[in-house]
Amino acid sequence: MACNKLTAALAAGVGAAALSGCAAFAPPEKKAAAVQINEDPYPSTYARYPGIPTLIRHATIFDGVGGQLQGDVLIADGVVKAVEPNLMVQDGTQVIDGTGKFVTPGIIDVHSHLGDYPSPGVDSLSDGNEATGPVRPEVWAEHSVWPQDPGFSRALMNGGVTTLQILPGSANLFGGRSVVLKNVPARTAQGMKFPGAPYGLKMACGENPKRVYGSKGNMPQTRMGNIAMTRQTWAKAQEYKRKWDKYAEEGGDVPDRDLAMDTLKGVLEGKILVHNHCYRADEMANMIDMSKEFGYHIAAFHHAVEAYKIADLLRENDICAAMWSDWYGFKMESYDAVKENIPLVYNAGACAIVHSDDPNGIQRLNQEAAKALADGERAGIPNLSEAIAWTWLSSNPAKALGIFDKTGSLAPGKMADVVLWNGDPFSIYARPERVWIDGALMYDANDPRRRPVSDFELGQPGEGDVK
Amino acid sequence: MIRALIAALLVATAVPAAAETIAIVNGNVATGDGSEPIQGGTVVIRDGRIVDAGQGARVPADARVVDANGKWVTPGIVAGFSRLGLADVDLGADGADDTSASDGPFSAAIDVAPAINPLYTPIAVNRADGVTRAFVAPSAAKSIFAGQGAVIDTGADMDPVMRARAFQFVELGETGADDAGGSRASAHVLFRNALREARELMRYSEPVRSARGQPDERERPVVRNPNESRLYGADARRSDDVLLTRFDAAALVPVLQGRQYLLVHVERASDILQVIDLAREFPSLKIVLVGASEGWLVASDIVRSGIPVIASAVNDLPATFEQLAATQSNVGRMREAGVKVSIGMIDDNDTRQLFSERQYAGNLVALTKLPGATGVSWGEALRLITSAPAEAIGLGGEIGSLEPGRRADVVIWSGDPLDPRSAAESVFIDGVQQPLETHQTKLLDRYRHLPRGELPEAYRH
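Respectively, the protein sequence lines represent chains A and B. Anchor point for the first sequence: position 241 equals 241 in my numbering, and the numbering is continuous, going up by one each time. Anchor point for the second sequence: position 316 equals 316 in my numbering, and the numbering is continuous, going up by one each time.
It is possible that some hints are incorrect.
To be verified - Facing chain A, from chain B, some residues (calculated, C-beta under 7 Å): (1) Asp90; (2) Gly92; (3) Ala93; (4) Gly95; (5) Val242; (6) Leu243; (7) Ala319; (8) Phe321; (9) Arg421; (10) Leu436; (11) Gln440; (12) Leu444.
Everything labelled a hint here was simulated from the structure, so no lab data went into it. Remember, it's a predicted structure, so these values are computed and weren't measured experimentally. Quick reminder that beta carbons are idealized off the backbone N, C-alpha and C, glycines included.
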């Protein structure tokens, strides 16, 4: 991160979009503070793998921002070079006939627990919830991510997922920091970290925190307890930020360092994006008021089973909703699910996202979008299309993650995170045929050597199988 | 007297009052027997049963004719394994979940039939999506034996149970090990001991009829009345060293006699082989494997055993140590080897999402175009979620296909039913057209438009 102070983003009331402008707004420093907090102590070591210039011709293309065209996609040097009806073939460029096939931006899953709740799901590897206290913003999901989770490879090969956010679980009101990963296998979590992606903060309202702690006789035991504890924590964070801001301005004694408050300070400064697990309409409204009370912005409500009831509020407050197509009834706060939730949120002019929260569901997010699209069309919701529905899978999650300037669409210059599907990805019968990440071919259905196999699976029955 | 009454009730409920004669014409008809769809097909329903299906089917003069031009017509989906009707909400809704009884004294004796609530939302939600029948199993709690499951229909009436006590459900894999105190070895001893205790009580039960002129009860296994035997009388003595309650041991007598199916949940290849060994050792057991994520590794052994399998369709993660070899090709490979395979929702996350079965089946068709994978044909995929599970527990003559004589569970779909973009437009169960309205569709109607009206949303109904 280039700048330590960020008043601009907060004032603008938006998240990542304003981040790039922060340096310009930073006032000149009067006195250099002796101690500065390192905001990136576990930096990304991800480096793109080599790729060869590739031209996919005569394909049907969803550009990820609502456009559809028939034509060619050129990727080279790790980025999308061009998307046009008819491109010239250059020497040294691999040409793929995309006739009858589809090209899309890679799918971005804004809600995954791969790595922190990996397969196999044994206690030894269960690292998603630091359920020892309801306020745990000091924990970072990346420190739980096991890069050998075999689930990453399934998400790539069956799901066409190229980027994913790994979140802490929802036992806590403040679950901790999330991390955004490139779906490229590595020895370390740092090796998968999406370069330049902002951190997220996982928050939760509703049943989970009150159940986990209430059942132990602790606070929170009620939804009002949830809100009270969350507000109290924000008030503390504001105080913490004031101390550090004062120190940065005036020097003097170094304030005590509090890792939990560091994260919340980052949110109040607009550097860390809030991802809020919340199901019910009334609770989302409470969380929106809370964000205004303490001066932060919610990037996305996750699960948001009742988003359709307050889609207008989401639009007015520029908050995305990350949803399933048809999960329902697995807990009380998911009782009012409707299959048209996603298209209804879109129709209200709010930002709709298809998410998984599931190591199986992440393999079929295109099918989730297809169901939501079909249900929306059947309900008579206007202006829907497959191209629009792909925004739920790539550009909208990219926006919620603050990485839309880098990926999430096929705009020239963006990371070449691209999937070639062997048919219309909204059809049940289509599968990813090839997946590129930053222009490197990471999966090829026709080449067993272009198929990742995690350390865990080596020597096991079925190693290297098609899965 | 009581028996006669029960028999009369069975007859009375077999033919719903509202059944009419219906001819569904011009549809893309798939019968569920593995064959591909036939264009311009007709399905004729009378008295709650299929009369005929296919291109040449004659339309009776008195039939209500339903035009299915451009639509697909199939048997209703048969959910091969579920908890449907046992819970309205899974978590944190006290009183609305009867899937397991972790604090109760009984195991094998548990019978889910009285717990089924046909008015629960998941029944309506799945009915509206073309699921017409479901196998409903209890969840194991303190014992490897979960209890007796039922086959239900999803009809909008108060008579959901088609066959009570259709099967006993037992856990012999990882869950079984847990329930047995910590190891598979313990689970197997418990299993053998349970059969020993049942065998002891079996001496006091009525003999299984198999004489000439009498239908062999082992061929139509059904336990009509859990109290039918004399196993509770003063003479029915037991050893001193028993672990099971009398009710639990008695409940296993029909299993041992082969009058009740035994659904055995295992995933691991070696566990599957152990179950096949048990089948050899106790040849009267009518075993059906449930789960079998590693079945493809021992497919030829399963074929030789003749044991049917109800598998998860698309499990491909080493989610547990008992499914390290999981792959979406499992079902296709087992089928190709000749295993009698079908699909169920074994994963508890899925047990209320039975409408996803057709999506999963469609995924198996997609695998046919993936190099190295083994998928199934379209017709076979439909069979996996209709007639195949029905046949696995001896109900193939009743449900799961459009063959003449079957119960008229018929769905008219807006398009290809294996593509989840298609919706069920008309659903018939036992020949009765079903309402497709649900809690969810009513919420959609209420909140489709958000602008403030003259009255609050609560007045829109």
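Practice problem: Would you check whether B:Gly95 satisfies its interface hint, that is, whether its CB is within less than 7 Å of any CB in chain A? | Solution: At about 12 Å, which exceeds the 7 Å cut-off, the nearest Cβ of chain A leaves the hint on B:Gly95 violated.
Self-check item: chain A contact restraint for B:Val242 - C-beta distance below 7 Å
Solution: For B:Val242, the interface hint is violated, since the closest Cβ of chain A sits about 34 Å away, which is over 7 Å.
Quiz item: Do the numbers back the hint for B:Leu444, that is, is its least Cβ distance to chain A under 7 Å?
Solution: It holds, given that the least Cβ distance between B:Leu444 and chain A is near 5 Å, below 7 Å.
Quiz prompt | Evaluation of the interface hint that places B:Ala93 against chain A, nearest CB under 7 Å | solution = holds (5 Å)
Self-check item: Interface hint for B:Ala319, Cβ within 7 Å of any Cβ on chain A
Solution: Cβ of B:Ala319 sits 5 Å from chain A, so the hint holds.
Exercise. Return the status of the interface hint for B:Arg421: holds when the least beta-carbon distance to chain A is below 7 Å, violated otherwise.
Key: holds (4 Å)
Quiz item: Was the hint right that B:Leu436 lines chain A, CB cutoff 7 Å?
Solution: violated (12 Å)
Self-check item: Satisfaction of the B:Leu243 interface hint, Cβ to chain A closer than 7 Å
Solution: The hint is violated - B:Leu243 has no Cβ within 7 Å of chain A, the shortest such distance being about 29 Å.
Self-check item: Restraint outcome when B:Gln440 is required to lie within 7 Å of chain A by C-beta distance
Solution: holds (5 Å)
Self-check item: Proposed interface contact between B:Phe321 and chain A, which counts if any beta carbon pair is under 7 Å
Solution: holds (6 Å)
Practice problem: Could you check if B:Gly92 really has its C-beta closer than 7 Å to a C-beta on chain A? | Solution: With a minimum Cβ separation of about 5 Å from chain A (threshold 7 Å), the hint on B:Gly92 holds.
Quiz item: Taking 7 Å as the limit, does the beta-carbon of B:Asp90 come near enough to a beta-carbon in chain A?
Solution: holds (5 Å)
The structure is inconsistent with the numbered hints 4, 5, 6, 10, although it conforms to all the rest.
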